[in-house]
Amino acid sequence: GESVGLHLPTLSVQEGDNSIINCAYSNSASDYFIWYKQESGKGPQFIIDIRSNMDKRQGQRVTVLLNKTVKHLSLQIAATQPGDSAVYFCAENMSGSARQLTFGSGTQLTVLP
Amino acid sequence: KAGVTQTPRYLIKTRGQQVTLSCSPISGHRSVSWYQQTPGQGLQFLFEYFSETQRNKGNFPGRFSGRQFSNSRSEMNVSTLELGDSALYLCASSENSGSSYEQYFGPGTRLTVT
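Top line first, the protein sequences correspond to chains A and B. Residue numbering for the first sequence is 1 to 113, as defined by the working numbering. Residue numbering for the second sequence is 1 to 114, as defined by the working numbering.
Heads up, a few of these hints could be off.
[Unchecked claim] Straight-line alpha carbon distances no greater than 27 Å define the calculated DSS-like cross-link-like pairs of lysine-lysine that follow:
(1) Lys13(B) / Lys57(B)
(2) Lys57(B) / Lys42(A)
(3) Lys42(A) / Lys13(B)
(4) Lys71(A) / Lys56(A)
(5) Lys57(B) / Lys71(A)
(6) Lys56(A) / Lys68(A)
It is worth saying that the hints were derived from the structure and are not from the lab. Model, not experiment: these values are computed from the prediction.
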């Protein structure tokens with residue numbers, strides 16, 4: 001969930017290493033989760049999503065893990081590249097008719113050469 | 001398909017003025033949501049429109065309003081601007097089919113209130 005007076009967690013990784021970004025979500029009733037990437041001056045870009053009936057989903061170089069017991073999401077990026085440097089947000093949504101995302105505070109990923 | 005477009009990209013206004021921001025969703029997308037992004041509060045949901053009706057609303061004062069047109073394009077309006085309204089305003093569109101919850105964001109409108 002959100003917090004007042006955000007301090008953005010940071011993660012620095014070497015190019016070619018794997019990255020793991022973590023997120024704690026707030027609502028146990030949420031059943032749809034998304035990871036977004038936001039580069040400076042741009043809007044959030046969809047990376048991968050997962051529904052609550054799954055605990056793992058893989059995309060191209062990315063994997064999302066969901067642990068509903070402790071309300072925890074993680075995003076794993078394989079072979080991190082300089083272009084992966086950005087702020088990463090997790091977001092949650094309850095199913096039903098409305099599209100209302102609740103965002104986490106974000107993590108700044110920096111890829112070192 | 002073209003992505004979500006937002007106009008204008010940058011805007012400078014004075015306290016007390018009002019502003020209207022525009023969003024054109026991805027073709028075929030019928031749901032449009034608005035978010036405010038600030039360094040202090042992060043990304044916060046403002047409201048969502050579907051079929052020209054506000055379907056959901058976040059915790060913002062009544063100075064923030066919006067509407068959606070029959071072609072799914074949406075506008076948001078902020079009246080009596082305050083310094084704290086300075087933010088990046090993001091629009092996101094979604095198909096709103098039964099199983100699709102993916103929201104795609106535009107580049108945002110950077111509003112500065114002086």
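Evaluation of the provided hints:
| no. | hint | verdict |
| --- | --- | --- |
| 1 | Lys13(B) / Lys57(B) | holds, 25 Å |
| 2 | Lys57(B) / Lys42(A) | holds, 24 Å |
| 3 | Lys42(A) / Lys13(B) | holds, 21 Å |
| 4 | Lys71(A) / Lys56(A) | holds, 14 Å |
| 5 | Lys57(B) / Lys71(A) | holds, 25 Å |
| 6 | Lys56(A) / Lys68(A) | holds, 11 Å |
Hint violations for this structure: none, all hints satisfied.
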